[in-house]
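Participant: Listed here are the chains, written in short residue letters.
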Amino acid sequence: MSNAPIPSVVDERIKTRSRFREAMIRPELGGIVGTIAVFTFFLLFAFDSGMFNSQGIMNWSIVSAQFMIIAVGACLLMIAGEFDLSVGSMIGFAGMLIAIFSVTMGWPVWMAILVTFAICIAIGGLNGFIVVRTGLPSFIVTLAFLFILRGFAIFLPQQIERKTIIGGIKDVAEGDWLAAVFGGKILGGMFNWLGDAGLIATFERGTRKGQPVVDGIPMLIIWAIILVILGHVLLTKTRFGNWIFAAGGDAEAARNSGVPVNKVKVSMFMFTAFCACVFATCQVMEFGSAGSDRGLLKEFEAIIAVVIGGALLTGGYGSVLGAALGALIFGVVQQGLFFAGVESSLFRVFLGVILLFAVILNTYIRRIITGER
Amino acid sequence: MNPEHAPIIQMKNIEKHFGSVIALAGVSLDVFPGECHCLLGDNGAGKSTFIKTMSGVHQPTKGEILFEGHPMHFADPRDAISAGIATVHQHLAMIPLMSVSRNFFMGNEPVKKVGPLNFFDHDYANQVTMDEMSKMGINLRGPDQAVGTLSGGERQTVAIARAVHFGAKVLILDEPTSALGVRQTANVLATVAKVRKQGIAVVFITHNVRHAMAVGDRFTVLNRGQTLGTAQRGQITPEELQDLMAGGQELVALEGSLGGTV
Chain A
389 MSNAPIPSVV DERIKTRSRF REAMIRPELG GIVGTIAVFT FFLLFAFDSG MFNSQGIMNW
449 SIVSAQFMII AVGACLLMIA GEFDLSVGSM IGFAGMLIAI FSVTMGWPVW MAILVTFAIC
509 IAIGGLNGFI VVRTGLPSFI VTLAFLFILR GFAIFLPQQI ERKTIIGGIK DVAEGDWLAA
569 VFGGKILGGM FNWLGDAGLI ATFERGTRKG QPVVDGIPML IIWAIILVIL GHVLLTKTRF
629 GNWIFAAGGD AEAARNSGVP VNKVKVSMFM FTAFCACVFA TCQVMEFGSA GSDRGLLKEF
689 EAIIAVVIGG ALLTGGYGSV LGAALGALIF GVVQQGLFFA GVESSLFRVF LGVILLFAVI
749 LNTYIRRIIT GER
Chain B
13 MNPEHAPIIQ MKNIEKHFGS VIALAGVSLD VFPGECHCLL GDNGAGKSTF IKTMSGVHQP
73 TKGEILFEGH PMHFADPRDA ISAGIATVHQ HLAMIPLMSV SRNFFMGNEP VKKVGPLNFF
133 DHDYANQVTM DEMSKMGINL RGPDQAVGTL SGGERQTVAI ARAVHFGAKV LILDEPTSAL
193 GVRQTANVLA TVAKVRKQGI AVVFITHNVR HAMAVGDRFT VLNRGQTLGT AQRGQITPEE
253 LQDLMAGGQE LVALEGSLGG TV
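So the sequence lines, in the order shown, correspond to chains A and B. Take any residue in the first sequence, count from 1 to its spot, add 388: that is its number in our numbering. Take any residue in the second sequence, count from 1 to its spot, add 12: that is its number in our numbering.
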């Protein structure tokens with residue numbers, strides 16, 4: 389056949405878009421704008437409150453990192469077209485399993501952690517399996533698991549220890565290699581040096597006099613950074629990422645093209661459970677205890693962070709980097725209101741308002757990219 | 013058709029029963045490489061069931077499918093696709109929120125090895141997409157343009173170009189023009205003509221006689237699960253085709269009352 393290259397003709401019906409408008413159409417837009425706005429606000433109104441010295445930064449970074457860890461899982465799952473409402477209960481349940489295995493049953497902590505991960509990921513897989521097999525909305529299936537897992541997180545310690553908080557994990561985790569991966573800190577040397585150099589605050593009295601107040605970067609933050617990078621690369625740079633978009637965009641069309649939609653969805657449920665488990669393990673190692681009520685409402689906070697980050701609730705569109713920015717906004721505002729001396733209950737008002745704005749903005753961006761009118 | 017060619021696909025006396033309903037009562041059809049074979053029929057004539065049998069969605073109750081001369085049993089659509097039978101559905105072909113290039117390679121993503129890891133080769137995918145689209149006469153703003161911004165006809169064309177790029181030997185088009193405007197229909201028909209010239213067999217399902225006449229080499233009419241015969245181009249007039257599709261008499265009467273406009 390004659391394959392003469394067709395000279396590219398400019399179609400007069402395609403309006404040329406300005407580079408600015410081009411740059412606007414990206415899922416992270418809301419997250420970027422929000423991050424700038426939030427930082428500007430707190431730099432103006434809470435700069436002197438200690439929010440931006442070493443302890444202050446560490447404070448909101450830890451909270452943001454917690455949100456990020458669960459937001460990455462929720463983000464990929466939402467892009468694949470599903471929700472997981474059981475994340476919060478999974479956090480409570482996973483923490484409780486670690487405590488029961490290590491403290492009550494006396495297993496080595498690393499074994500307790502590994503077994504807990506295996507159980508939680510299996511439950512995530514079960515969630516996904518039920519969703520793809522029955523075709524029920526994931527909203528309902530995972531709502532069921534929200535109650536089931538929370539119920540067990542209360543029942544098990546009640547039954548075994550006659551209390552709803554199990555402590556003493558710090559003692560059994562002492563020197564455990566895997567516990568350090570979740571509860572340790574790194575770069576202590578650098579912070580000592582910064583403290584000696586007078587760049588960050590040091591303790592002025594007591595047994596730790598002269599040591600920096602912030603003595604390292606918690607592994608929680610490292611986990612958050614690793615998961616965000618991993619999620620972003622997986623989504624945008626791999627073939628599996630294309631399948632995630634396809635599964636959420638239109639499962640039937642994806643199947644027609646040979647995408648293993650069910651496999652993608654189930655594995656994303658498992659990944660969400662993995663993220664919840666990372667959160668739970670870091671928290672248990674930090675607090676030294678597990679509580680039945682841990683992780684309450686976290687599923688919604690994760691979803692809100694993801695939506696602020698530009699993902700569509702209907703699936704098929706979104707960004708892990710956007711979700712990470714959403715989590716950052718979350719953490720900075722939650723802690724910032726405290727630093728700024730604002731009544732903390734107003735945080736919820738803020739949440740509701742920003743969620744509404746984010747959803748409206750997302751709908752608008754969706755119209756632009758799909759050309760709907 | 014071209015006598016030195018053997019048919020690429022032969023459907024022999026295909027019967028398909030759904031419980032007590034006989035959807036296909038012995039339909040036979042040959043398709044040659046490089047021909048556009050139009051399958052016409054009114055709603056409920058069995059067109060969809062027939063092409064679903066050809067593309068592996070249904071298994072025939074009776075009858076035989078020969079592909080390149082060998083009997084074939086397609087267990088599912090994947091079998092048919094890997095043999096080289098691609099179906100472009102009227103809907104459900106493209107994902108509007110994803111870019112043209114991501115859609116084009118959906119399920120067939122090219123990978124680039126970086127160390128032990130496999131990454132989606134976006135540069136290659138973008139390049140191929142732009143090339144294939146311009147061959148089909150579609151000018152994209154860029155490979156990252158979302159499919160949602162394309163018109164219905166352009167989406168069909170992307171889907172056809174994708175099937176061709178991935179080595180389809182038989183292309184089944186399920187009513188590709190039924191929801192399109194005049195201009196878009198013309199574009200899709202032009203695409204069909206291009207594809208056929210590459211030696212690909214096209215099975216074109218439609219109930220619009222004029223669209224069929226525009227590109228078809230042969231026309232097979234289905235009615236109530238049976239073949240009413242296959243005609244060569246030039247041996248049949250559009251009016252005769254129309255009558256065959258509707259089953260004769262009733263339409264003649266109807267046509268009179270509508271002043272010959274149907």
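By construction, these hints were calculated from the structure, which means they are not laboratory data. It cannot be assumed that every hint is accurate.
Unchecked claim - Pair ranges (Cβ atoms, derived):
1) Phe-433(A) to Leu-129(B): 55 to 63 Å
2) Glu-562(A) to Ser-94(B): 53 to 61 Å
3) Val-747(A) to Tyr-136(B): 35 to 43 Å
4) Glu-80(B) to Phe-535(A): 53 to 61 Å
5) Asn-130(B) to Phe-427(A): 36 to 44 Å
6) Thr-702(A) to Arg-153(B): 19 to 27 Å
7) Phe-535(A) to Val-123(B): 28 to 36 Å
All residues carry an ideal CB built from backbone N, CA and C; glycine is no exception.
Participant: Of all the hints numbered above, which does this structure not satisfy? Sort the numbers upward.
Facilitator: Failing hints, ascending: 1 and 7.
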